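Fit chain to chain and form the complex, with the hints in mind.
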Amino acid sequence: MIDFKEIVIERIAREHECKPFSCGAESLDIYLKHYARQNDLSGIGRTYVARKDGRKDVMGYYTIASSSVEGKSLPEKYAKKIPGYPVPCALLGRLAVDRGCQSTGLGEYLLMDALFRILHVSDQIGLFAVIVEAINGRAKSYYIKYGFEPFEDDENHLVISLRTIRSAFEK
Amino acid sequence: MKSKNNKNDRIDVRVSSDVKQLIEKAAQYRGLSISAFATAVLVENAKQVIEESNTISLSERDQEIFMQALDRAPGTSLVRAAKRYKSFND
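Taken in order, these protein sequences are the chains called A and B. By my numbering, the letter at position 31 of the first sequence is numbered 31, and the numbering carries on one by one without gaps. By my numbering, the letter at position 13 of the second sequence is numbered 13, and the numbering carries on one by one without gaps.
Looking at chain B on its own, in the form it has when it is part of the complex (with noise of 0.2 Å):
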């Protein structure tokens, strides 16, 4: 079974050569070879990207929550709250 530390996967990327000596450049001030440095970019902006996506991923048993919530009848908090909110903005 393949490992996920297990760094067996590759991306390749083309690039023009004034962007990889950027590149470069920006990974040497690092001390980190073009590799470290890449991943470690990469790594952080997907996080990133996919925080701002706000994407929430459901385990099974949240899943069965959710779908229950779907149809559910409001209780009465939420029925008076909202009657008091409606009062104010006639």
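Looking at chain A on its own, in the form it has when it is part of the complex (with noise of 0.2 Å):
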């Protein structure tokens, strides 16, 4: 069991210990120990890690990036959702748990907590959805259950509106 009141989610830095990190999926292990703090500081993308109070050990990341959508051209019947293409949206490009601490609910934290974090960017800048990148079909199936809505022909792709994210945290 976690207790997620000793839970910290912050940027990472070097004093975290990301070596033993090992979620299942090669690539998302990689990214962690060799490109998440490159990308973070060159702002490519941002990585947030979970650590318990007073450890080092990463428990678990997801690197969050601005990010655009857009398409051919705008129907008529949508100029009044959006003001046209691209449109701004936020990118959650990679979210990972370490087996260790799978099927504990870090997992829907760490989702949660980044949700909640492009809510306040919003509130700064307007964005109109946050994207996500599933890097396999359970991964899909995962962000299905929180509402996300799969793309048809982008198939390793999501999307959640700000408006829907916004009033589930109102409620």
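I should point out that these hints are in silico values taken from the structure, not numbers from a laboratory. Please read all numbers here as calculations on a predicted model, not as lab measurements. Positions of the beta carbon are idealized from the N, C-alpha and C atoms, including for glycine. Each hint should be verified, as a subset may be incorrect.
Not the full set, but computed from the structure, chain B residues with beta-carbon under 8 Å of chain A [said to hold, decoys possible]:
hint : residue
1    : Ala36
2    : Phe37
3    : Thr39
4    : Ala40
5    : Leu58
6    : Ser59
7    : Met67
8    : Leu70
9    : Arg72
10   : Gly75
11   : Ala82
12   : Phe88
This is the structure in structure tokens:
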């Protein structure tokens, strides 16, 4: 059992212990160990890690970045919904939990932390939706459970709107 | 009709002679013409820049899905998860 009151989620830093991290998807392990901090510093995508208060080993992480969605032309009927293309969005590119912490609710906790953080950002700059990248079918089902809509042609991405997220956190 | 693979388009780039010599030298190392070398480097770099900008291009069908998602009410799983999260962060 995890006591979430003891969980700290913060920007990735040198002192975080990433080496032992293993989530079952090698590409997500490699990203955390070799690219997450570098990309965080250069601004390509920010990585937030979860650790227990007083400890440095990473229990889980997610990466968020700014993003935009565009289509060929904006159908007239949607002109009221969005001002035009591209539509500013946030991209939740990666979310992973160490094997030792899986099935504890940490994944959900990280997902909510990411959405809550994006909600705050959207108050300042106006975002329409969160796009999430699913690494496989299991991840896809996981996001669908929380109300993300899968795209049909772009099979790896799903979407949830800021309005939906705001309303969930206000309830 | 023009095929996408026909090399009919040109890019002209003005450079100093120093820069040209540098590029010629690099192209020679790779055993490529300046044109082939420049194209390879530019294409590789352009792809990376686009990937880093995180732009997602949607098909017509996916645009519909996006628009429908904009004003959807949250489901019970999301509302419950948000509540749980808030209970730990008061």
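- What hint numbers does the structure not satisfy? Hints 1, 2, 3 and 4 contradicted; others consistent.
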